[in-house]
Amino acid sequence: MSGSSKTVKTGSAPAGFRDAALFTFVAILAGFGIELLTSGGGINVPGWPFNLVFLLLFGAVIFTVGLMFREHPVVSWLGGIPLGLSLIIGIALLSFIGGVLPQDKYPPDSLVAILRLNGMFSSWPFAMVILLFLFNLGLSLVWKTIPFRVANLQFMLFHGGFWLALSCGLLGSTQLERLVVPLYEGKESDVAYNRESETAIHLPFSIYLKDFQIDEYTPQFALYDPQHDQVIEPKSKLMPELRKGVKAEWDGLGSVTVLDYLVSALPGADGVPVPVEGKKGVPFAKVRIDENGKISEQWISSGGPQLKPLFVPMGNYFIVMADGAPKAFRSDVMLISKGGERKVQTLEVNKPVDFEGWKLYQMGYDEKAGRWSTLSLVEAVRDPWLPAVYLGFFMIMAGNVLYFWKGFKKMEEA
Amino acid sequence: MTLVEFPAIAFAAVVCWAVGSLLQIPAKNSKVSGSLSWLFLFAGTLVLVWFLASYWIALDRPPLRTLGETRLWYATLIPVVGFLVEYRYKIGWLKYYCMGLATVFLGINYMHPDVFEKALMPALQSPWFVPHVVVYLVGYVLLAASAVSGWHNVFLNFRGKRSTKGESMSHYLALLGFVLLTFGLIFGALWAKEAWGHYWTWDPKETWAFISWLAYLGYLHLVARKTDSRKLQWYLGLAFFVLLVCWFGVNYLPSAQNSVHTYSG
Chain A
1 MSGSSKTVKT GSAPAGFRDA ALFTFVAILA GFGIELLTSG GGINVPGWPF
51 NLVFLLLFGA VIFTVGLMFR EHPVVSWLGG IPLGLSLIIG IALLSFIGGV
101 LPQDKYPPDS LVAILRLNGM FSSWPFAMVI LLFLFNLGLS LVWKTIPFRV
151 ANLQFMLFHG GFWLALSCGL LGSTQLERLV VPLYEGKESD VAYNRESETA
201 IHLPFSIYLK DFQIDEYTPQ FALYDPQHDQ VIEPKSKLMP ELRKGVKAEW
251 DGLGSVTVLD YLVSALPGAD GVPVPVEGKK GVPFAKVRID ENGKISEQWI
301 SSGGPQLKPL FVPMGNYFIV MADGAPKAFR SDVMLISKGG ERKVQTLEVN
351 KPVDFEGWKL YQMGYDEKAG RWSTLSLVEA VRDPWLPAVY LGFFMIMAGN
401 VLYFWKGFKK MEEA
Chain B
1 MTLVEFPAIA FAAVVCWAVG SLLQIPAKNS KVSGSLSWLF LFAGTLVLVW
51 FLASYWIALD RPPLRTLGET RLWYATLIPV VGFLVEYRYK IGWLKYYCMG
101 LATVFLGINY MHPDVFEKAL MPALQSPWFV PHVVVYLVGY VLLAASAVSG
151 WHNVFLNFRG KRSTKGESMS HYLALLGFVL LTFGLIFGAL WAKEAWGHYW
201 TWDPKETWAF ISWLAYLGYL HLVARKTDSR KLQWYLGLAF FVLLVCWFGV
251 NYLPSAQNSV HTYSG
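Line order of the protein sequences matches chains A and B.
Per our numbering, the first sequence starts with residue 1, numbered consecutively.
Per our numbering, the second sequence starts with residue 1, numbered consecutively.
Think of the hints as simulated: they come from the structure by calculation, not from any bench.
Treat each hint with caution, since some may be false.
Subject to a maximum C-alpha distance of 25 Å in a straight line, what follows is the list of computed DSS-like cross-link-like pairs (lysine-lysine) [as the list claims (entries may be wrong)]:
#1 B:Lys118 <-> A:Lys406
#2 B:Lys226 <-> A:Lys406
#3 A:Lys410 <-> B:Lys231
#4 A:Lys410 <-> B:Lys165
#5 B:Lys226 <-> A:Lys409
#6 A:Lys237 <-> B:Lys165
#7 B:Lys118 <-> A:Lys327
Here chain B stands alone, though its shape is the one from the complex:
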C-alpha cells in the first residue's frame, strides 16, 4: 500500500473513531452499544496498523525516516495509550484527546503529503535504527498523553474540581515516558558511535534531546521534593513544547543548518 491510499485510510480511521466516540453516549445504558463502540474505536487504530504494515512492506524499509512517517506512528499509537489508560485507570476522557491529537497528525499528513521514497541513506541502515526511533516514539507518545492529561488537570483545578487520580495518571505517564526518553538518548549515542565515529557531538538535535531529557529530569526532582502536584500539571503541560521543538522545531532553528540529524520531509 502506498500514499495514494492514505487519504482513504486516514478518513476511515477518523470515521471509525468518531462513530466509536458517539456510541459511547448510549453505551452508558446499553452493553451492546458499549461493545460496538469499542469495536469501532479499535477498528480505527487497526486500519492504521494495517496501513503502516503494508506501507513498510511497500517501502522495503521501516517507515521511520521522514517527519510525516513519524506522525503516522504517533497517530497510530497515541489512541492506544488512551485506550490502555481507560483499561487501567477507568479514566475515559483521555482517549478523546488522544484521538483528537491523532486526527490532527493525520490531517497534517493529508495537507502535506510525503513523497513515496524508498531510499534509506547508509548511515540509517543499522540495527539501532528501529530500537532508537521506536523507543523515542513510544516515549513521546506517553509524554504527549501526560501533557494532555496535565492540561486537563489544570482545567479541572481551575474549575475547582481537582482529581488526584488524574494527577497521578499524568505523573506515571511522564515517568514511563522519561524512562523511554533515557533509553532513546543512550541508544542514539551508541548508534552514533558506530555510524559517525562519536557518541556525542552537540548536534542541534542531540542538544535538544538533552534539553528535553533535562526538562523531565527536573520534573522528577520536583516530585522528589514533594512539590504541589497541581503546579506540576502546568509543568507537564508545558514541558511537552520542549519535546515538540526537539521533534520537528529544530528544523526551523538557526542552528539547524549544521545538523546532520533533522528529519527529512
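One chain only, chain A, in its complex shape:
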C-alpha cells in the first residue's frame, strides 16, 4: 500500500507530515469559510453531462500533471503518503462530525446549519478534502500504473477501485433518482413522488397492482401489566407462540395453556369464533388460565380493522395476543411500458425487479392497516453511474484478495 517510492525520498517524514496536515487543515477551513459565506448552502455537484465532463477533465489533469511533472518536488508531495494520510484523517474527522450529529433539519440561523454540519456529506469542506484526496490518490495511481508492472497489480486494483467508486459515486449522485410510487389494489398508476421535493413525476411506464400480501410470523401471547405498561417475562424467558398445546408459566401468578388456535376466524352467532377464508378473518385462540388453582377457559384475539381485540384478565394483569411481526410482504404487479409491453412480476423486499432502466423495490405499505393494507409503496430507482461504482467495488475486492494473499505469504515467511 505504499505510494510512489519517489515520495518517500523527497519530503523528510516530519516536515512532509507537517506541511500535509497544515494543507489539509487550510482546505477544511476554506470549505467552512465558503459555507459561512453561503449560509450553509452546501455544494451543488454538477448534473449531466457536466459531471462526466468534470470527471474526464479532472482525470486528464491528474494524468498530465502526474506524467509531466513526476520529478517536481511539489507534485511528488501532492501524490505522496503524508498528504494522503492527512487527507484520510481529514475525511475521517469530517465523517466523525457527520456520524455524531443528526444529518437533519436545524434552524437555519443555528451555527450547525450555517456551517452545514448537518449536511456534512454535501458540504464544501467535505468536497474540498475529497477532491484533494482524489487528486493525491490519482497521482499515486498514475505513478504505479505507468510503467506497468505486474507486481503493482494489487495497488492498482485497490486504489483504482477506490478512486472509481468514490468519484463516480459522488459525481453520479446528481443523476440518482429515487421515487416513491404509491399503488392501490386494482388500480394502475404512473405517478411517482420525489421524497425531498415532494413533486409528482410521471414514470415512463405504469404499474398495475393486482394484489398486495403480507405474511406474518405466528402471533404470540403475553402477560401485560397495565400499571407499568410492560410485559411480564414468563419463566421460560421466551415470548410464547400461539400454537395448540403451548403452555406459559409465570412465577407466583399461574399459567396459560393454548387449547385451540384459529389463524383466521370471525365471531359466530353465539360469540364463539368460526374459521373463515381470506383476508377478513383475524386470529383467535382459546386459552385455559390457571390462576393458582382457579381455572377458566376463554378466547383471546388480536383484533382487526372491524374487530376489537379480546384480552382476558389474570389477577391484576391481562393475557393479550400480539400480532406476529411481518415476515414478508409482496406486490403482484403488471408493468406496462409506453410501447404496450406487459410484464407480470412480483415485487418483494430484497428482490427488486428491473424494468426499462429502472429498478423497482417493494418499499412499504399502510402500516396502520397492517395486513389489511390495500396500499403498496414501491420505490423506483435509476442510477446511471452504478456500473462504474460497482466496477470500483469489484476492483477493490480483487485488490483485497491479492492483498490478503500477499499478506498471508509474508506472514508465513515471518
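Mind docking chain B on chain A? Use the hints.
Same frame as chain A, but now just chain B:
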C-alpha cells in the same frame, strides 16, 4: 436450546477455560497436563459452538440479529484466534486475554439477557445477511486480538522488554482484520442496493463503518511509511475504540435516531 440454558452454558464455558488455563502451569513440565489443558480450553469453546448451533436451530434464523447475539459470536470466536496464534506463533499469552474478553462478553449477556425472538424483518432475509455479518464478525475478532496484542506490546515496551515478534503479530492480525473489514463494507453496500435501493446513504452505521475502515487504512499507510512499530502499537490499541463505537456505540449517539441499521436489543 434457548436462552433459558444460557447461564449454565456460559458458566460451563468459563469453567472449562479457567481449568484449562490453570492446567497450563503444570503443563510446562508434564505432557499429560498439557494435553488435558488444551482439552479443557477447546471444550470451553466447543460448548459455545454447540450452543450457537442449537440456538440457531431453535430460532429458525441465524442468531446474528441482536447485539447480544453478536456478543455470543465474539465470545465463541475470539478465543479461537488466541489458540490459532499460539499454534502459529508459539505466543501463549494472547489466548488468556482472548478468553478474558470472551468472559466479559458472556457476562454482559448474562446481566442483560436477550429476549428469545424468532422474527427477522424482511430486509434482513437476504443471502447477503450471513456473509456480511460473519465477515464483519471475524474482522472485528481479529482487530480485537490485534488491539489486545497492541496494548500488551505497549506494556512490554514500557517495561523495556520489546518483542518484535509480538509487534509483527499485532500487525498481521490488523492486516487480516482490515481485509475482512473491506469485504464486510462492500458486501454491505451490495446488499443495501438490493434491499434499500441504494448502496450508500451515509446512515450513521455506514458512516462509522467508513470511519473505522479509514482508521485502519491510515494504519496501513503509516506502516508503508515505515513508522516506528512501537508507536503503532498505541495506534492499534486505540483504533479498536473506533470499531467499538461502530459496533454498539452508534446506538447512543445523537445521530442514531435516523439510523435504520442499529442492532436491536
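Hint check results:
1. This hinted pair does not check out: Lys118 of chain B and Lys406 of chain A have alpha carbons roughly 42 Å apart, beyond 25 Å.
2. Between Lys226 of chain B and Lys406 of chain A, the direct Cα distance comes to roughly 18 Å. Compliance with the 25 Å bound is thereby established for this hinted pair.
3. About 22 Å separates the Cα atoms of Lys410 of chain A and Lys231 of chain B, which keeps this hinted pair within 25 Å; it holds.
4. Distance restraint check for Lys410 of chain A and Lys165 of chain B: the Cα-Cα separation of roughly 14 Å lies within the 25 Å cut-off, and the hinted pair is therefore satisfied.
5. Among the hinted pairs, Lys226 of chain B with Lys409 of chain A is consistent with the structure: their alpha-carbon atoms are about 20 Å apart, no more than 25 Å.
6. Simply put, Lys237 of chain A and Lys165 of chain B have alpha-carbon atoms about 47 Å apart, too far for the 25 Å limit, and the pair is violated.
7. Of the pairs offered as hints, the one joining Lys118 of chain B and Lys327 of chain A holds, with about 10 Å between alpha carbons and a cut-off of 25 Å not exceeded.
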